[in-house]
Amino acid sequence: TLITLICLLVSYPAAYFIHQSRHAASWLLVMIIPTWMNLLLKTYAFIGIFSHDGLINKILIALNIPSQSILFTAPAFIFVAAYIYIPFMLLPIYNSMKDIPNQLFFAAQDLGANTFTVIRKVLLPLTAEGVKTGIQVTFIPALSLFMITRLIAGNKVINIGTAIEEQFLVIQNFGMGSTIALFLVLFMALVMILTRSKHKGGASK
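Going by the UniProt record's numbering, the letters in the sequence shown line up with residues 1 to 205, in that order.
Simulated from the structure, these hints should not be mistaken for laboratory data.
Keep in mind it's a predicted model, so treat the numbers as computed, not measured.
Each residue gets a CB set at the ideal place from its N, CA and C atoms; glycine is no exception.
One or more of the hints may lead you astray.
Stated by the list, open to error - With a Cα cut of at most 16 Å, we get these calculated EDC-like pairs of lysine to aspartate or glutamate: (1) Lys98 <-> Glu129; (2) Lys156 <-> Glu166; (3) Lys121 <-> Asp110.
As the list claims (entries may be wrong) - Just the calculated beta-carbon pair ranges, DEER-fashion: (4) Ile119 <-> Leu60: 36 to 42 Å; (5) Gln103 <-> Leu9: 48 to 54 Å; (6) Phe174 <-> Ile32: 38 to 44 Å.
From just these sequences and the hints, can you work out the full model?
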């Protein structure tokens, strides 16, 4: 949930910035290129950055600040997971924004609406479907992360993915592992139902 929230808080203003930019295609390419890289390679890159002799600690030492233990912490895991999933949140939100004419915002302002009201009454309703899609493609995979969890957080973070892995491969309690996996599938189905898109007539897509 926290990872999805961070992705949403970063992606929504970023998508709006790209929508208003004259170089939208270039910014989108910058956001998409990291998704072409293998997930394991990106994870190991962050291990190098967060390690005791990594880039961040070298910068801290250069600034006469004591080095910090960043790797194998919950904040490091949240940062890496959010970094990986932000493009998948941003793209559907941008896709829902790109066809909104700026004249709608100008018209609302001419009628006396301030910036907050324009965002709340005009922008958010028109981009709600993009937000729902972004939640689907980030929240559901984030539930079952285990490779990033093990490599970045060690044993400091436990999620559903690592719980299933532990039950099957470590404890070998296949019944409990299957139960957790079934719960994950049912929870994913619930999220899909709650965030499904609807036609104007009310029928689900």
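Against the structure, the hints:
1. Lys98 <-> Glu129: holds (13 Å)
2. Lys156 <-> Glu166: holds (14 Å)
3. Lys121 <-> Asp110: holds (14 Å)
4. Ile119 <-> Leu60: 36 to 42 Å: Holds - the Cβ-Cβ distance for Ile119 and Leu60, about 38 Å, lies within 36 to 42 Å.
5. Gln103 <-> Leu9: 48 to 54 Å: With Cβ atoms ~28 Å apart, the hint is violated.
6. Phe174 <-> Ile32: 38 to 44 Å: holds (40 Å)
Hint 5 from the earlier list is the only one contradicted by this structure; the remaining hints agree with it.
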